[in-house]
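Enquirer: Now for the letters of each chain:
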Amino acid sequence: EAAVTQSPRNKVTVTGGNVTLSCRQTNSHNYMYWYRQDTGHGLRLIHYSYGAGNLQIGDVPDGYKATRTTQEDFFLLLELASPSQTSLYFCASSASTGRQNTLYFGAGTRLSVL
Amino acid sequence: SQWGEENLQALSIQEGEDVTMNCSYKTYTTVVQWYRQKSGKGPAQLILIRSNEREKRSGRLRATLDTSSQSSSLSITGTLATDTAVYFCATDNYAQGLTFGLGTRVSVFP
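Here the protein sequences line up with chains Z and G, keeping their order.
Here the first sequence stands for residues 1 to 114, where the numbers follow the working numbering.
Here the second sequence stands for residues 115 to 224, where the numbers follow the working numbering.
Honestly, the hints are just simulated from the structure, not real lab data.
Among these hints, one or two may not hold up.
To be verified - Derived pair list, reagent style DSS-like, types lysine-lysine, alpha-carbon separation capped at 27 Å:
1) G:Lys140 <-> G:Lys170
2) G:Lys155 <-> G:Lys170
3) Z:Lys65 <-> Z:Lys11
4) Z:Lys11 <-> G:Lys152
5) G:Lys170 <-> Z:Lys11
6) G:Lys155 <-> Z:Lys65
7) G:Lys152 <-> G:Lys170
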């Protein structure tokens, strides 16, 4: 079964702080995604990547950077965190993209920006 | 139904009852996926249905897809307390993975 591991599981930072969320998948999947989940908005795509060194912009990219260092590792960076970025963040991977591909999600990172 | 600007739907039922949740989507698609998210976990795919299938079953789950009305439904028969979760429908945003609906929260009480 697909395995996607996120760390940390919980993070608290202050406004203006620097945060890095990590994601590792062990399924040799090409595609990796970062979503945020908020009440009233559901899951929204921040960034995604189709391979090491590649980065694509999602629907809500403002205030976020991301980097895909290897096929396995995808990082989400908040360089000047703001309270509006308090959210539950999910990483996901898939073998390919498109309507028939299954996304495998990690367990999530809960971020609080005070 | 979930999608667009609607709020998260919530359903409370007793164990053993059947439940159906609906999803309407805005852009044409020939595939809808349903995901379930349990408390403290990430979403996990339950079922994928294609337009040429109209209906698909997997255990106690039954999904339908009507491309003419751009809607899909997911039914669970004989619910268990372990079915308590948020259920999402998802369609493709081809260049950007999947787009998820707002979800339906199902609470099953013993």
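Enquirer: Take the hints in turn and mark each one as holding or not.
Expert: Taking the hints in turn, this is what the structure says about them:
A distance of roughly 22 Å separates the Cα atoms of G:Lys140 and G:Lys170; the hinted pair therefore holds under the 27 Å criterion. Between G:Lys155 and G:Lys170, the direct Cα distance comes to roughly 25 Å. Compliance with the 27 Å bound is thereby established for this hinted pair. With a CA separation close to 17 Å, the supplied pair Z:Lys65 and Z:Lys11 stays within the 27 Å bound. Taking the CA atoms of Z:Lys11 and G:Lys152, the gap is near 21 Å; set against the 27 Å cutoff, the hint holds.
Taking the CA atoms of G:Lys170 and Z:Lys11, the gap is about 40 Å. The hint is violated against a cut of 27 Å. The straight-line distance between the Cα atoms of G:Lys155 and Z:Lys65 is roughly 24 Å, inside the 27 Å bound, and the hint therefore holds. The hinted pair formed by G:Lys152 and G:Lys170 meets the criterion: a straight-line CA distance of about 22 Å does not exceed 27 Å.
Hint 5 from the earlier list is the only one contradicted by this structure; the remaining hints agree with it.
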